Amino acid sequence: MKILVCISQVPDTSTKIILKDNDTAINSQGTTWVINPYDEWYALIRALELKEAGTATDVHLITVGKADVEPVIRKALALGGDEAVRIDAESNDPYQTAHYIAEYAKSAGYDLVLCGKESIDYNNGTAGTMLAELLDVDYIGFATNIQIDGTTATVKREIEGGEETDTCSLPVVISCQKGVAEARIPNMRGIMAARTRPLKVLAPTAVDAVTAILSYELPPAKAGIKLVSPDDMDALVELLHNEAKVI
Amino acid sequence: MSVLVLVEHTEGNVKKKSFEAVQYAAGIAKAQGTSVTALVLGTVADAEMAALGQYGAQKVLHVTDARLNELHARAYASAVIAAAQKDGSKVIITLHDINGRAVTPRVAVKLKAGLVAGALSYPDTAKGFVIKKAVFSGKAFAYLNITSDIKVVMLMPNTFQLQQADGSATIEKLDVTFGDKDFGVKVKEVNKVKGEVPLSEAELVVSGGRGMKGPENWGLIEDLAKELGAATACSRPVADAHWRPHHEHVGQTGGTIRPNLYIAVGISGAIQHLAGVNGSKTIVVINKDPEAPFFKAGNYGVIGDAMEILPRLTAAVKKFKESHK
Ligand SMILES: Cc1cc2nc3c(=O)[nH]c(=O)nc-3n(C[C@H](O)[C@H](O)[C@H](O)COP(=O)(O)OP(=O)(O)OC[C@H]3O[C@@H](n4cnc5c(N)ncnc54)[C@H](O)[C@@H]3O)c2cc1C
Ligand SMILES: Nc1ncnc2c1ncn2[C@@H]1O[C@H](COP(=O)(O)O)[C@@H](O)[C@H]1O
Numbered sequence: 001m002k003i004l005v006c007i008s009q010v011p012d013t014s015t016k017i018i019l020k021d022n023d024t025a026i027n028s029q030g031t032t033w034v035i036n037p038y039d040e041w042y043a044l045i046r047a048l049e050l051k052e053a054g055t056a057t058d059v060h061l062i063t064v065g066k067a068d069v070e071p072v073i074r075k076a077l078a079l080g081g082d083e084a085v086r087i088d089a090e091s092n093d094p095y096q097t098a099h100y101i102a103e104y105a106k107s108a109g110y111d112l113v114l115c116g117k118e119s120i121d122y123n124n125g126t127a128g129t130m131l132a133e134l135l136d137v138d139y140i141g142f143a144t145n146i147q148i149d150g151t152t153a154t155v156k157r158e159i160e161g162g163e164e165t166d167t168c169s170l171p172v173v174i175s176c177q178k179g180v181a182e183a184r185i186p187n188m189r190g191i192m193a194a195r196t197r198p199l200k201v202l203a204p205t206a207v208d209a210v211t212a213i214l215s216y217e218l219p220p221a222k223a224g225i226k227l228v229s230p231d232d233m234d235a236l237v238e239l240l241h242n243e244a245k246v247i
Numbered sequence: 001m002s003v004l005v006l007v008e009h010t011e012g013n014v015k016k017k018s019f020e021a022v023q024y025a026a027g028i029a030k031a032q033g034t035s036v037t038a039l040v041l042g043t044v045a046d047a048e049m050a051a052l053g054q055y056g057a058q059k060v061l062h063v064t065d066a067r068l069n070e071l072h073a074r075a076y077a078s079a080v081i082a083a084a085q086k087d088g089s090k091v092i093i094t095l096h097d098i099n100g101r102a103v104t105p106r107v108a109v110k111l112k113a114g115l116v117a118g119a120l121s122y123p124d125t126a127k128g129f130v131i132k133k134a135v136f137s138g139k140a141f142a143y144l145n146i147t148s149d150i151k152v153v154m155l156m157p158n159t160f161q162l163q164q165a166d167g168s169a170t171i172e173k174l175d176v177t178f179g180d181k182d183f184g185v186k187v188k189e190v191n192k193v194k195g196e197v198p199l200s201e202a203e204l205v206v207s208g209g210r211g212m213k214g215p216e217n218w219g220l221i222e223d224l225a226k227e228l229g230a231a232t233a234c235s236r237p238v239a240d241a242h243w244r245p246h247h248e249h250v251g252q253t254g255g256t257i258r259p260n261l262y263i264a265v266g267i268s269g270a271i272q273h274l275a276g277v278n279g280s281k282t283i284v285v286i287n288k289d290p291e292a293p294f295f296k297a298g299n300y301g302v303i304g305d306a307m308e309i310l311p312r313l314t315a316a317v318k319k320f321k322e323s324h325k
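Residue numbers (our numbering), protein chains in the order written: chain A, 1 to 247; chain B, 1 to 325.
I should point out that these hints are in silico values taken from the structure, not numbers from a laboratory. Quick caveat, the model's predicted, so the values are computed rather than measured. Each residue gets a CB set at the ideal place from its N, CA and C atoms; glycine is no exception. Treat the hints with care, since some could be wrong.
Some chain A residues judged to face chain B by a derived CB distance under 8 angstroms, without partners named [as the list claims (entries may be wrong)]: (1) I17; (2) L48; (3) K178; (4) A212; (5) S215; (6) A221; (7) I225; (8) M233; (9) L236.
Mimicking DSSO-like on lysine-lysine, the simulated pairs with C-alpha atoms at most 30 angstroms apart in a straight line are [said to hold, decoys possible]: (10) B/K16 <-> A/K245; (11) B/K318 <-> A/K156; (12) A/K222 <-> B/K16; (13) B/K318 <-> A/K20; (14) B/K110 <-> A/K156; (15) A/K51 <-> B/K226; (16) B/K110 <-> A/K2; (17) B/K15 <-> A/K226; (18) B/K186 <-> A/K245; (19) B/K186 <-> A/K106; (20) B/K16 <-> B/K139; (21) B/K30 <-> A/K2; (22) B/K319 <-> A/K226; (23) A/K245 <-> B/K15; (24) B/K319 <-> A/K245; (25) A/K245 <-> B/K188; (26) B/K188 <-> A/K156; (27) A/K75 <-> B/K139; (28) B/K319 <-> A/K20; (29) A/K222 <-> B/K281; (30) B/K186 <-> A/K2; (31) A/K245 <-> B/K325; (32) B/K318 <-> A/K226; (33) B/K188 <-> A/K226; (34) B/K112 <-> A/K245; (35) A/K51 <-> B/K139; (36) A/K200 <-> B/K16; (37) B/K110 <-> A/K66.
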């Protein structure tokens with residue numbers, strides 16, 4: 001069984017967002033880039049667990065990005081994975097990104113494609129579903145547990161106010177979140193080995209974007225908190241009713 | 001040319017956020033001089049569907065196939081395409097939630113249409129079809145222009161207040177021919193808390209963190225929630241320690257919510273927690289540490305011991321409710 005893991009590079013959560021060029025771009029100077037946490041902690045680690053268990057034969061990683069994402073994909077390879085592919089394109093259009101990944105995935109033939117539940121930069125959570133549609137396969141989102149038995153996937157996934165267990169035949173695209181895998185950190189051996197693991201760079205198959213980001217805006221500064229005495233909860237209720245008008 | 005809305009329901013009851021989606025569609029339809037068609041899948045009573053008219057739907061297309069009572073994302077997408085074709089829809093509205101994310105991107109790909117996931121505004125058509133959405137976990141907003149002919153928009157729940165008016169939608173059956181692939185994913189088991197307002201739809205939320213010390217103290221959170229008619233949530237360590245079920249966990253790795261009121265009790269306010277709640281309209285912070293970062297993100301703060309403050313607040317809410325009956 002061959003697994004493809006989709007890895008995206010995102011700014012670390014603690015990054016302060018600073019705008020530039022008349023608010024049409026993000027100033028990324030000083031940004032710490034990391035692997036999207038869902039891709040790293042859940043999708044990638046689950047793929048590695050499946051390989052270690054003998055269920056998977058190959059674990060390949062893919063990322064869409066320009067050369068500046070290479071340190072992050074190398075970091076992913078240090079956790080594990082047999083080889084990585086970088087589609088040499090910059091895209092903020094989810095359809096375009098999914099299309100680039102799908103074109104590669106079709107040519108290589110994977111039984112299981114794992115991605116994160118969303119990337120923490122644009123918070124879309126749509127790339128995996130688009131990819132499944134482009135590959136004409138099933139998709140299960142928000143997985144919390146993934147088991148593979150032969151050509152069948154059994155997946156626990158989050159639903160509103162609970163959990164559900166689904167099954168489907170491979171190939172399938174699954175988006176991963178907490179629960180899917182045990183935490184682990186890269187070790188020195190992995191980091192050394194990652195240097196010799198192949199990282200292929202491929203040109204994207206052209207497709208037009210269908211969305212464009214015109215500008216950004218920062219949220220207005222909070223007016224500052226109003227403190228209420230812990231002995232006077234009637235005052236808080238009064239404020240919530242008359243001032244905030246929420247109760 | 002109608003604006004098409006995909007409606008979600010729980011066992012035949014239309015979800016509140018779907019009324020929001022219909023109302024949002026009505027706003028767009030009005031600006032475009034067209035009408036709203038709501039697409040309902042599975043078993044829903046006629047009266048419930050007609051009520052979509054109260055939020056601006058003129059017509060309901062109903063696919064009665066009972067298999068659609070469960071989420072079958074590919075079948076749902078096929079139905080949306082069939083409805084969009086029938087009505088010649090150029091704008092399709094769904095929700096930015098778990099189901100919406102399983103269905104909508106498929107629709108967008110099939111139609112080669114641009115998609116905005118998590119819309120926070122009506123489209124600004126002066127410069128194209130420009131919609132605001134939150135990015136970087138609420139630390140910024142982006143203005144996205146959909147450049148394709150057909151536009152697909154996933155509305156963020158709890159973004160617009162509902163305003164009910166008179167109106168009744170006409171109901172028309174829609175036949176959709178499904179293929180085997182449409183039902184490839186089989187649902188084996190469902191574990192769901194019944195009868196509660198889903199957290200993502202709750203207008204009022206009381207949330208507890210590690211400062212609550214242990215599950216034995218959650219009665220204090222629940223009492224306040226009950227008095228307010230609020231849903232309960234928690235921080236990640238609380239769910240990790242199994243003090244509360246996983247689906248209550250909010251934040252970057254949990255749910256994203258935008259209630260009118262979020263009461264954070266014994267939660268420090270880490271950036272990863274704020275990522276899931278910073279869209280809340282009003283935030284109350286109860287924490288014994290005046291230096292807790294959450295105080296910087298809140299509207300109202302109470303410094304003190306939650307174990308003492310919660311019963312007082314619950315009593316104050318009770319008193320208020322009784323005097324405002
Ligand atoms: C990648 C990543 C993702 C994460 N995702 C999430 C996420 O989705 N959601 C999330 O919540 N966290 C998440 N975290 C964890 C986050 O960083 C914090 O560790 C977590 O939110 C802290 O939870 P807490 O506020 O309940 O606990 P603590 O930080 O321990 O805070 C407890 C608070 O309670 C107060 N307190 C103690 N006793 C009392 C009392 N008697 N009365 C009143 N107040 C009291 C304390 O002053 C303190 O402020 C994530 C972390 C990482 C690295
Ligand atoms: N540029 C990218 N390269 C590779 N995978 C990506 C990229 N963007 C998104 N993904 C994958 O798609 C998932 C969902 O992302 P998104 O739809 O952008 O929120 C991520 O968790 C990744 O697994």
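These are the hints, each one checked on the structure:
1. I17: 5 angstroms, holds
2. L48: The hint is violated - A/L48 has no Cβ within 8 angstroms of chain B, the shortest such distance being about 20 angstroms.
3. K178: With a minimum Cβ separation of about 5 angstroms from chain B (threshold 8 angstroms), the hint on A/K178 holds.
4. A212: 5 angstroms, holds
5. S215: Since the shortest Cβ distance to chain B is 5 angstroms, the answer is holds.
6. A221: For A/A221, the interface hint is violated, since the closest Cβ of chain B sits about 10 angstroms away, which is over 8 angstroms.
7. I225: At 5 angstroms from the nearest chain B Cβ, A/I225 passes the 8 angstroms test, so the hint holds.
8. M233: 4 angstroms, holds
9. L236: Holds: closest Cβ of chain B sits about 6 angstroms from A/L236, inside 8 angstroms.
10. B/K16 <-> A/K245: 20 angstroms, holds
11. B/K318 <-> A/K156: Answer violated: B/K318 to A/K156 is near 40 angstroms, above 30 angstroms.
12. A/K222 <-> B/K16: 29 angstroms, holds
13. B/K318 <-> A/K20: 50 angstroms, violated
14. B/K110 <-> A/K156: 27 angstroms, holds
15. A/K51 <-> B/K226: 48 angstroms, violated
16. B/K110 <-> A/K2: 27 angstroms, holds
17. B/K15 <-> A/K226: Violated: B/K15 and A/K226 sit about 34 angstroms apart, past 30 angstroms.
18. B/K186 <-> A/K245: Between B/K186 and A/K245 the Cα gap is close to 45 angstroms, so the pair fails against 30 angstroms, i.e. violated.
19. B/K186 <-> A/K106: With a Cα-Cα distance of about 25 angstroms, the restraint between B/K186 and A/K106 holds, given a limit of 30 angstroms.
20. B/K16 <-> B/K139: Since the Cα atoms of B/K16 and B/K139 sit roughly 27 angstroms apart, the hinted pair holds (cutoff 30 angstroms).
21. B/K30 <-> A/K2: The hint is violated at about 50 angstroms.
22. B/K319 <-> A/K226: 22 angstroms, holds
23. A/K245 <-> B/K15: 24 angstroms, holds
24. B/K319 <-> A/K245: 17 angstroms, holds
25. A/K245 <-> B/K188: Not OK: A/K245 and B/K188 at ~44 angstroms, beyond 30 angstroms, violated.
26. B/K188 <-> A/K156: 10 angstroms, holds
27. A/K75 <-> B/K139: 26 angstroms, holds
28. B/K319 <-> A/K20: Violated - the C-alpha atoms of A/K20 and B/K319 are around 51 angstroms apart, more than 30 angstroms.
29. A/K222 <-> B/K281: It holds: about 11 angstroms lies between the C-alpha atoms, which stays within 30 angstroms.
30. B/K186 <-> A/K2: 23 angstroms, holds
31. A/K245 <-> B/K325: Judged against 30 angstroms, a Cα distance of about 16 angstroms means the pair holds.
32. B/K318 <-> A/K226: 23 angstroms, holds
33. B/K188 <-> A/K226: 50 angstroms, violated
34. B/K112 <-> A/K245: Outside the cut-off at roughly 43 angstroms; violated.
35. A/K51 <-> B/K139: The hint is violated at about 37 angstroms.
36. A/K200 <-> B/K16: Distance ~48 angstroms between A/K200 and B/K16 Cα, so the pair is violated.
37. B/K110 <-> A/K66: 28 angstroms, holds
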